[in-house]
Structures are given as C-alpha cells and as structure tokens.
Amino acid sequence: MSIIYDALKEVMDQAGVASPPALTEDTVIVGKDAVLDSLGVVSLIVEVEQALDAKHNVAVTLASDKAMSAKNSPFRTVGVLADHVLQTIAETGAAA
Amino acid sequence: MSTDKQVVLVTGTRKGIGRHLAEHYAKKGYIVEGCSRGDAGFEVENYHHTNLDVADEKGVKQWVSGITKRHGRIDAVLNNAAIASMNHVLLTPAASANRMLEVNVTGTMLVCRDAAKVMMKRRYGRIINFTTIVAPIALAGEAIYAASKSAVVTFTRILAFELGQWGITCNSFGATPIMTDMIKGVPQAKIDAVVQGLAVKRLGTYEDCSNVCDFFMAKSSDNITGQVLYLGGIT
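Listed in order, the protein sequences are those of chains R and P. Sequential numbering of the first sequence, starting at 29, is according to our numbering. Sequential numbering of the second sequence, starting at 45, is according to our numbering.
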C-alpha cells in the first residue's frame, strides 16, 4: 500500500495537483471526484509498476487485457488498485 | 544502480543493420543492449546480448526490467527487428501474415511500451522505429510486409504525441535497399528497378542507417518527433 501512496504523491507533485488532506484507501483515482486526470492515471500505473520492480523485483503489467476490459475499473480507488496489484502478482506468479 | 554512460536498446542485432548499429554505438561508448531470436555471433566491448523474440510480451518485460536493474536508465531504443516474407498476396498464408504483424507491429509496440516506462522517469528518451521504402513505393510482392511497416509509421506518429510530454521523441526511418539477408531472396532485376526509381541511384549502406539514427538520437533533436524519414528521395 505504501508503494501506491508514494507513487500517487509523486504523480500529484509532478502534475502540480494539490494533495487532499489525507490519502486513504478510499481516495478516488478514476471517475467522479478523482484526484488525477487520465494522463495522471497513466503515470500512476507506470510509477507503481516501476516501484514494484525496483523495490520488490516484481515485473508485472497492471494494464492487462482483463483489467482494461473489467466492468469496474481496477484502478478506481487506492484500495481497489492495491487489491488489483496483489491479484496480478498472484496470477502471474511474478514475485521473485 | 545507474551508469553515466548512455544506454541504447537495439532489436534484431544478430546480423545486418541491427548488428551494424550495435557495433556502431558500442564503439561510440554507449552501453548497447541487443536482442535477437538467436545468439549474437559477435562480441564487442559495451555490448550485451539477450536471446529474445520481441513479440513475446513477458520476455520483453523481463528484458527491459533486467536492463533497468543493471543500468538504471534507458536513453534510446532502435526497433530494427522485423521479419519479411516476400510473396504475392494470393500466395500468402494467414499464419505468415499474422507472424509478420506480430513481430513487426506488436513487437515494436511492446519494446516501445516497456522502454518508455523507464524513460519517463528521467523525462528523456529517443525512440526510432524502422520502416521501409517499399510501403510508400507500393512494391508488388511485399503487401503484408509493407502494410506492417505502414502500421509502424502510424503507431510512431501517435506515440510521439502520447510520449512527448515526458521528453521522449519518436521517429520512423526507412532505408533504401541494403544487401542484407532480408532481401537475398528478391530477384536482382527487382532490386535494380527499385534503385532506378530512387533520386540517388545506389543501394543503401549500413552507414546510411547509423547516420540517420545519430541525427534522431542527438540531444539537440529534442523537437524532432513524429517524423518519418525515407532515404533516396522517397516521400
């Protein structure tokens, strides 16, 4: 979860977006009241992927066919994204 | 780990243009990470080879991940790997067409995608995707190969707009015919006819290719993006 919080803060900093008072699992990433625009979401996903690889030696593609065609976006909140990350690692067996 | 040397990825380095580019940039002091489906068959200082099919999504991901861990950066990508099957379209099997699209289009996309994710971090990158003059001259007998390379040009033009904000330039390059294995099956009369249709009536050289790549890769080329450069007067 800390990887997602750190990545979100970095992307918001780079985009010059003011952080909400506190980032939580319910912080919205995609959809109404999202803290990022669409390009910010792209940056966030890449940032999380790169951090997983650099810090945990886990090379995954979070924007898989399944993720991109899901009825409910797996990127919609911080908590949902965290679940998606764990599920992707488990499914791909990417953990070192 | 991060190196002070620039890191360039070159695909399809086992022979021909790819091998020349690998050796050219290794001699210039770049760290060159090359790949092809088979062993390199040559050794040069600053060159490291990986056996890889660029259409293998997982393999490309692991290749780029390993390079990032070893060097901490990627400065340029030269997507040279490609396959061609020169057949009349009426004699082209679907499997052959699909394989060309898979390697030439999807493979190019995969390497661009995973390398760009690394380039974004440093807000700098140069991507050069190889196309061919047989697309603009509509050379009979190369319909699927040319179509796949037209796709590469369009992909690269749009990629330039998607990645420009991170300081990554994306351009395509189409050389005139060079006597590589790829065109060894093409009748000499056909090659002669293509050369006669050029503004400069000679075969291409490996140095033609490195000259264009040097230009696109220059730091001062930061506003040259989304372009396709054909040699020999072809537009």
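Check the hints yourself; a few may be wrong.
The list that follows gives simulated cross-link-like pairs (lysine to any residue, SDA-like), each with its CA atoms no further than 20 Å apart [to be verified]:
{"no.": "1", "chain 1": "P", "residue 1": "K102", "chain 2": "R", "residue 2": "K99"}
{"no.": "2", "chain 1": "P", "residue 1": "K102", "chain 2": "R", "residue 2": "T105"}
{"no.": "3", "chain 1": "R", "residue 1": "K83", "chain 2": "P", "residue 2": "K59"}
{"no.": "4", "chain 1": "P", "residue 1": "K102", "chain 2": "R", "residue 2": "A79"}
{"no.": "5", "chain 1": "R", "residue 1": "K94", "chain 2": "P", "residue 2": "M144"}
{"no.": "6", "chain 1": "P", "residue 1": "K102", "chain 2": "R", "residue 2": "H84"}
{"no.": "7", "chain 1": "P", "residue 1": "K113", "chain 2": "P", "residue 2": "D48"}
{"no.": "8", "chain 1": "R", "residue 1": "K83", "chain 2": "P", "residue 2": "G116"}
{"no.": "9", "chain 1": "P", "residue 1": "K59", "chain 2": "P", "residue 2": "M144"}
Hints were generated in silico from the structure; no laboratory data involved. On a predicted model such as this, the values are computed, not experimentally measured, just so you know.
So, going through the hints one by one against the coordinates:
| no. | hint | result |
| --- | --- | --- |
| 1 | P/K102 x R/K99 | violated, 25 Å |
| 2 | P/K102 x R/T105 | violated, 27 Å |
| 3 | R/K83 x P/K59 | violated, 36 Å |
| 4 | P/K102 x R/A79 | holds, 18 Å |
| 5 | R/K94 x P/M144 | violated, 25 Å |
| 6 | P/K102 x R/H84 | holds, 17 Å |
| 7 | P/K113 x P/D48 | holds, 14 Å |
| 8 | R/K83 x P/G116 | holds, 13 Å |
| 9 | P/K59 x P/M144 | holds, 18 Å |
Violated hints, in rising order: 1, 2, 3, 5; the structure is consistent with all others.
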